[in-house]
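Chemist: Each residue of the sequence shown is one higher than the one before, starting from 0 at the first, in numbering that gives the first Met the number 0.
These are calculated hints, taken from the structure and not from any lab test. Please note: incorrect hints may appear among the correct ones.
Quick list of simulated restraints, FRET-style, between CB atoms [stated by the list, open to error]:
1) 15 <-> 89: 38 to 44 Å
2) 117 <-> 22: 20 to 26 Å
3) 63 <-> 35: 23 to 29 Å
4) 52 <-> 30: 21 to 27 Å
Simulated crosslink set (EDC-like; lysine to aspartate or glutamate; CA at most 16 Å straight-line) [stated by the list, open to error]:
5) 53 <-> 18
6) 144 <-> 18
7) 53 <-> 17
8) 26 <-> 3
Only a predicted model underlies this, so the values are computations on that prediction, with no experimental measurement involved. Cβ coordinates follow ideal geometry from the N, Cα and C atoms, glycine included.
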Amino acid sequence: MFKDLVLKCRSYRRFHQEEKIELDTLKELVDLARLSASGGNQQPLKYLLSSDPKKNAVIAPFVGIGGNPPEGERPSAYIIILGDKKIREGGFGCDHGIAAQSIMLGATEKGLGGVIVGNVKRDELRPALSIPEHLEILLALAIGKPKETAVIDSIGQDGVLRGYWDDQKVRHVPKRTLTDIIVG
Numbered sequence: 000m001f002k003d004l005v006l007k008c009r010s011y012r013r014f015h016q017e018e019k020i021e022l023d024t025l026k027e028l029v030d031l032a033r034l035s036a037s038g039g040n041q042q043p044l045k046y047l048l049s050s051d052p053k054k055n056a057v058i059a060p061f062v063g064i065g066g067n068p069p070e071g072e073r074p075s076a077y078i079i080i081l082g083d084k085k086i087r088e089g090g091f092g093c094d095h096g097i098a099a100q101s102i103m104l105g106a107t108e109k110g111l112g113g114v115i116v117g118n119v120k121r122d123e124l125r126p127a128l129s130i131p132e133h134l135e136i137l138l139a140l141a142i143g144k145p146k147e148t149a150v151i152d153s154i155g156q157d158g159v160l161r162g163y164w165d166d167q168k169v170r171h172v173p174k175r176t177l178t179d180i181i182v183g
C-alpha cells in the first residue's frame, strides 16, 4: 500500500556505509524523477550521481547531514540535484522537491533510505566536483541502507515538534494530526 511506503520513507542520517549501492540503482531512482511532474514540462533538472567511496568522501564535507555521521555510518551514495539555467531561467519552482520525493520513495521501496539535504555548501561543492556555472546546485540526497529505525509519534502535550532518540536508539518523529492541518 502506498501509505505504508510513505510511512517508511523517513529522513535517515545513519547508514551501513559498507553496503554498496550500484550506479545502476541510482540511475533507476533518477529515472523515477525523470518521469515525475515538471513545471511547464520544461524538465530543467540534471543529476550528479556518486556511489564511489572516494567521490563520496569529496561530497560529504559539503553536505550537512544532521550531526555529521562518523566513518562507517555515512551514506553509500549521493544524488546531487542540479537546475539547468540554460533550460529555465529565474528559478526551478518545486521541480526539485517533486524529484527528490520521487527518488526517496523509490529508494524506500528498494529497502534503502536517505535524507534530502538543502544545507549544502554550494560554493565549495561546485569546484570540488567541477560543476559548470550554468547548473545550479539545488539539493543533495544522501542515500544508503539505514542503520537506524525511525517511527512516527503524535505530538506530546508540550507541543514539541523536534524529533528525539530513545534509549533503544529509535528516532521518534512527532507529527501533527490530520485535523490540526486541515483548514476550513
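Chemist: Of the numbered hints stated previously, which ones are contradicted by the structure, given in increasing order?
Modeler: 8
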